[in-house]
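2 protein chains.
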Amino acid sequence: MRVVDTLSTCLEKCTKTIKETKCPRTNMTQRQDGEQTPLLNSNAHSTSSHTSGTDRSDTMWRSMSGNSLLNHRMTPRQRMIASNGSVANDLEALEYAYINESVGTLIEDPEATSAANEYTRIQEDRLLNVKYKSMDYDTCENKLFFEEETKKGYKFVLRKQLFRWVVMFFIGVFTGLVAAAIDIVIETVTSKKYLLIKDFVDKCVKVENDCLTVPLLIFCALNAASTFLAACLVVFVSPCAAGSGIPQIKCYLNGVIIPEVVRIKTLAAKAIGVAFSVIGGLAVGKEGPMIHSGAVIAAGISQGKSATFKCDFRILEYFRSDQEKRDFVSGGAAAGVAAAFGAPVGGVLFSLEEGASFWNQSLTWRILFASMTATFTLNVMLSWYHKVPWSLSYPGLISFGIFEEDNYLQYNGVELLFFVVMGCIGGLLGGLFNYINYKLSVLRIRHIYRRRNKLLEAVIVAMVTAASGYLLVYLSTDCESLGKDPTEHPVQMFCRDGEYNVMASLFFQTPEASVRSLFHDKTGTYHPLTLGIFALLYFLLATWTYGLQVPSGLFIPLLLTGAAWGRLCGIGLGYLLKDQESWLHIYPGKYALIGAAAMLGGVVRMTISLTVILMEATGSVSFGLPIMLVLMCSKWVGDLFNEGIYDIHVQLAGVPFLNWEASSLTYGVPASRVMSHPVVTLLPEEKVERIYSILTKYPHDGFPIVDNYIPDLAESATFGRFRGMILRSQLIYLLKSKAFKPQNGEEPVVGMVTRSDLARFRVEFTKGKLHLVELQLSKPLEPM
Amino acid sequence: MRVVDTLSTCLEKCTKTIKETKCPRTNMTQRQDGEQTPLLNSNAHSTSSHTSGTDRSDTMWRSMSGNSLLNHRMTPRQRMIASNGSVANDLEALEYAYINESVGTLIEDPEATSAANEYTRIQEDRLLNVKYKSMDYDTCENKLFFEEETKKGYKFVLRKQLFRWVVMFFIGVFTGLVAAAIDIVIETVTSKKYLLIKDFVDKCVKVENDCLTVPLLIFCALNAASTFLAACLVVFVSPCAAGSGIPQIKCYLNGVIIPEVVRIKTLAAKAIGVAFSVIGGLAVGKEGPMIHSGAVIAAGISQGKSATFKCDFRILEYFRSDQEKRDFVSGGAAAGVAAAFGAPVGGVLFSLEEGASFWNQSLTWRILFASMTATFTLNVMLSWYHKVPWSLSYPGLISFGIFEEDNYLQYNGVELLFFVVMGCIGGLLGGLFNYINYKLSVLRIRHIYRRRNKLLEAVIVAMVTAASGYLLVYLSTDCESLGKDPTEHPVQMFCRDGEYNVMASLFFQTPEASVRSLFHDKTGTYHPLTLGIFALLYFLLATWTYGLQVPSGLFIPLLLTGAAWGRLCGIGLGYLLKDQESWLHIYPGKYALIGAAAMLGGVVRMTISLTVILMEATGSVSFGLPIMLVLMCSKWVGDLFNEGIYDIHVQLAGVPFLNWEASSLTYGVPASRVMSHPVVTLLPEEKVERIYSILTKYPHDGFPIVDNYIPDLAESATFGRFRGMILRSQLIYLLKSKAFKPQNGEEPVVGMVTRSDLARFRVEFTKGKLHLVELQLSKPLEPM
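So the sequence lines, in the order shown, correspond to chains A and B.
If you read the first sequence in this note's numbering, its first letter stands for residue 2, the second for the next number, and so on.
If you read the second sequence in this note's numbering, its first letter stands for residue 2, the second for the next number, and so on.
Chain A on its own, in the form it takes in the complex (with noise of 0.2 Å):
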């Protein structure tokens, strides 16, 4: 098949193909008789020798050494001191020796990273080659591998089709069940707890006057204990599940390999902990988790084995190569946005923008299906949860509800501006969270490494949270009338008998629940003072939530913080333009959906995808304009200061992520710039010694294999031509198969372009504004 798709694209492309596939191919035809295909094939383009990819080397590898070295299971050094022994295990050692010997002095020890400054460019280059490897996701393009294709017959490829779509079905269907489990816990037990503490602030107003501090006390307690549970999942299950987990799907999307980011047991720390999280009272959201839970599901569903459990079903076996599982995973993240905003074209979105590799029109209706699945199983199990069976109006975990005042979200061409000015309030508000977060989580990086004081920072941050929110709403003497408001469990406090505590319904409900309240609530609910301080203290409490070592969304608080101050623009403009009611009606709840609208864009920075996840939430095809123009303006604004936050926190684990586009700056920038030299290459024809050596001395993998170069001389200008690129793992299948047979050919290699030159490039370019030693300083990943 891939020959063919190959083909499909134009004249010039064509033409490249037959000189890098068809050429040997057609040679082989012409002399087809007497001839054994060379095992070591360096011919062109595709030099693997096994057949179908890495992973399948990898599972035939396990089988024959029959032990757990390549699961993941043991650190390195735990896999150095269980692979003494065996040649096999020797050579198996191999992939992990390098990352031995330096993680050993790098990273496993806190304490050395503050000597780092001093380290020379090859240790950046190990350190940076250490951490992240790519995946591998091109087909292999090989006779042997058409070969066995061909032979499997198209019986064979309308199976694996067909189970395409069985397999896209069950990540849906688990995704929304997983989505509809945490919601239903969550309602369920923060219901409780708020009730109880309304009950208890009540009780206390008015029959003891001053008891005041013991609510305050059990709130404090209850948020911080449940915050604590999150922690400790996080730091001593899972370090992976902690934030979002959207930068992790990120990256596994563009096709760097984070360890341990789609296991089963991610999967568990992520989506009780989020509970946790929520439940703790936390600035935190259940959005960004499910994305990163419909990923590991879809990982976990695909590949029919769990390393987790050491369990194999040895079912789907053919879907066991890194781009087959991209495939699902980023069907299982787009059916965790389809759960989380009720957004099944949104998440198909999603997953496009940050894949970014990929685009193939068969996949994405899978993923569109997936989606769809996703979202109406969680429809199906929330609606039967609230006793309304198949009215189905339950599509997301999120809901805008439904705008359906009269004319509400219509707007005035005049309104438009009002839209523009707020997107560029909202891009500054984002540069500025950005910022803040991007230093706090330095300091994190820096400073809380150790897990006693993760545990307790999360603590800390509950406890000020739950504190900071108290606090307000005791000083408040916001009151409104009962009835007119759909909080669920209104609070007195000083309020006269017949009122509640306007701040008290912010915060003594879920986030989800203030959002709407903001967005629905009428005219005159919110005193502008209230909601001033609320959305400062929101902002603050948000900046600083996220990276903590819980999960946490963080579309929510800025969802919250952004309808906070956009109500509040709302209801200054309509004091401003009172006198122009005849022909502007100004609806504080549409202000405050811009305004949640900007603060997003001017956040997290996603362009086409969080457009329609937002018109799909607010379930109006006309509003789609203003809101694509608010979060145009937002994200323009904001990249002049920063980039988006989940960029922010990839660059800061180190991770050496490919943007879909090079920024305007590097125009004219030469490869040469950027790439390593001199580059590590194997002759086609090369002793077992010196590719032994070489697996052992670099951490590269993968090398091209060169002709007409001779490896002493280092410092050519070019290293021989290119004829191919084979992957560390293929050569370590070679060593143990001892098959080899070269073929000559030629193509110059000057250079070498790997994900850390560009990291490295990157660092270079945009001085001052990232260091490397900050690159040295973190954690893989785990500070998101």
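Keep in mind the hints are simulated off the structure, nothing from the lab.
Be aware that one or more of the hints could be misleading.
Identical copies look the same in the list; a pair holds intra-copy or inter-copy alike.
Derived DSSO-like pairs (lysine-lysine); straight-line CA-CA distance at most 30 Å [stated by the list, open to error]:
1) Lys156 <-> Lys688
2) Lys579 <-> Lys388
3) Lys523 <-> Lys388
4) Lys311 <-> Lys161
5) Lys266 <-> Lys194
6) Lys156 <-> Lys579
7) Lys153 <-> Lys266
8) Lys523 <-> Lys698
9) Lys388 <-> Lys266
10) Lys579 <-> Lys523
Could you slot chain B onto chain A? The hints should help.
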């Protein structure tokens, strides 16, 4: 930008990039002193010598030669005559020399086509090559280009980027305006027409009992006249404006030059023509043509010049390359979809699905922007026209109306089963539709090629449509009491006072309104027999109409047919399951929607874009899953029989379309089975004489540059090592400039895959399903 673009993919690809572009760059850096840039630098991948693509050279060329030779206004023969005399003109004529020769013998004389069976393979090649050329979607990657780009600086890049947005904005606005104008004209005129007929009919029946032939004659005459005008516009002004235009836009986005497809005169013929053909009462819609209109608007605005009006505003000249134009045209097509269906996201996905060859995050966002602007503009215009300014309830030309009835779009798990079955029925009917339409189209190609016959056929179809509709209304005894139905002009016919003829309500209004009636009319409005007869008749009429020489959309007739039999299914199911009414509510309107989706999916076989378009048109996220299920089933069932209708017409027109993915059946088919042999190659150093003779003798638009090859050895297995590709336009430019300097290198070329190779291969491969004879018989994309 392109250097770093290509870098941003992955490790292996990067090594390839180095191989292809970096090596010469480094070499050059190393010996920059005292060496002039070679103009014919055939080093590595890119061989273009002028700096910014083909189109630029055209522009320069045109201004130099100072005549209208290249603006495509003359026939090739005229051009040949006009170009006699100067050497420059002689060279220019090379672009058309071959076309002239073979078009003259093969195409321009329709009578000669009957002897086509005897043509040899080489002549087939020529035919395929002559009719369609590839566009140049690759960026030139050579030293001169990068130097010029670097010189322009960052500011230029920013300005270009800004103008991309500005142009997209205007594309959206103008597309929306055109859509609004078409809609308003059609609404006004048809309303008058049906009012006239209704008055006549009702008067005839009541007053003078037997004058019913008079309104019939008036009806037929009005429709025939209107259709005649539409057909005249197509036949005499722009043959390209026939049909929906979607196949043409598909081809254009796929990289095939279809003559005149994005001209302003095509837009005029299309926009005015579609109004006439809808007013003419044909079974056509105005939605498909909007997509074509949007594309033409995009091409017009982005290029800042018009070939139809022979004017050049000298603005936006940096967008005059095939690639930039393609990007804008895809934006225009998306804006057209958005305006047609009120589906901005569906529009983006349509562009992506049909464009097939590109996906770029920022481009996609711009396309969404254009779509949003288009739907917004249309909304504002139509709201204003309907005297409800700012209610913004007209996002598209066809609106499915609001499914507001309580629980209307809810569904039970059991119903999903019915939906699947209906999807399969849709697939069967779609396959049948495509088969009949294919046979009819072949008949048309063979027998209806004279202009007067084309006009005659259109008029006949219009009269048959009018007469059969009238006859059905006359025979129908299905009466309903007034007041229940939303139809504007209820016709009483033979019904009692206070009642109206239901069949007349389907025929005597625009098809869009009929679709809405079928979706929303209360249970029991239609007699099953009425629906059955209507569906059958409309199915046959739609099959016959699509392919006529009038601008005609296919969506509405399909929606209408599908809605009719879908509603029939709903009524049937409701009757069968009336005992289960306690838990299962069958709303016929919902089944009409499902039937419409099934019919549409079965005929056009679009996937994700159609799903999203229907979702957005329905306005319900939770009903997305059933729609998707139905579309999946209908596509899969339909694919068992034939291809989608657009693909069939693309094939009939003989366009060498490159699909997104090759069919699974071509698994393991090597390029060597497909490619041309021998290959016309050029050496790095060539005599002008040979280049001139090659350009005269061969129609190819690009030639591989090779070395190590002796040109006279025709039967060699390899044609030297590939060094790059040079385009016909570049060669002509070089011949004029007389600047050459050769360089060495190697990469063997053994064959060459062109679009026509693939088309021929496809014919060979699908044994008997589609014959090359028919390809040869067809006209360039006219008969769609």
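Verification of the hints:
1. Taking the closest pair of Cα atoms, Lys156 and Lys688 never come within 30 Å of each other, the shortest separation being 42 Å inside a single copy and 54 Å across copies.
2. In this assembly of identical chains, Lys579 and Lys388 lie within 30 Å of each other by CA distance solely across copies; the values are 25 Å between and 43 Å within a copy.
3. In this assembly of identical chains, the alpha carbons of Lys523 and Lys388 lie at most 30 Å apart whether taken from the same copy (27 Å) or from different copies (28 Å).
4. In this assembly of identical chains, Lys311 and Lys161 lie within 30 Å of each other by CA distance solely inside one copy; the values are 25 Å within and 55 Å between copies.
5. Taking identical chains as interchangeable, the C-alpha atoms of Lys266 and Lys194 lie at most 30 Å apart only when both belong to the same chain, with a minimum of 28 Å there against 70 Å between chains.
6. For the homomeric pair Lys156 and Lys579, neither the shortest alpha-carbon distance inside one copy (71 Å) nor that between copies (43 Å) is at most 30 Å.
7. In this assembly of identical chains, the alpha carbons of Lys153 and Lys266 never lie at most 30 Å apart, being 36 Å within a copy and 53 Å across copies at closest.
8. Taking the closest pair of Cα atoms, Lys523 and Lys698 never come within 30 Å of each other, the shortest separation being 68 Å inside a single copy and 78 Å across copies.
9. Taking identical chains as interchangeable, the C-alpha atoms of Lys388 and Lys266 are never at most 30 Å apart, the minima being 32 Å within one chain and 60 Å between chains.
10. For the homomeric pair Lys579 and Lys523, the shortest alpha-carbon distance inside one copy (17 Å) is at most 30 Å, but the shortest distance between copies (44 Å) is not.
Comparing the model with each numbered hint stated earlier shows that hints 1, 6, 7, 8 and 9 do not hold.
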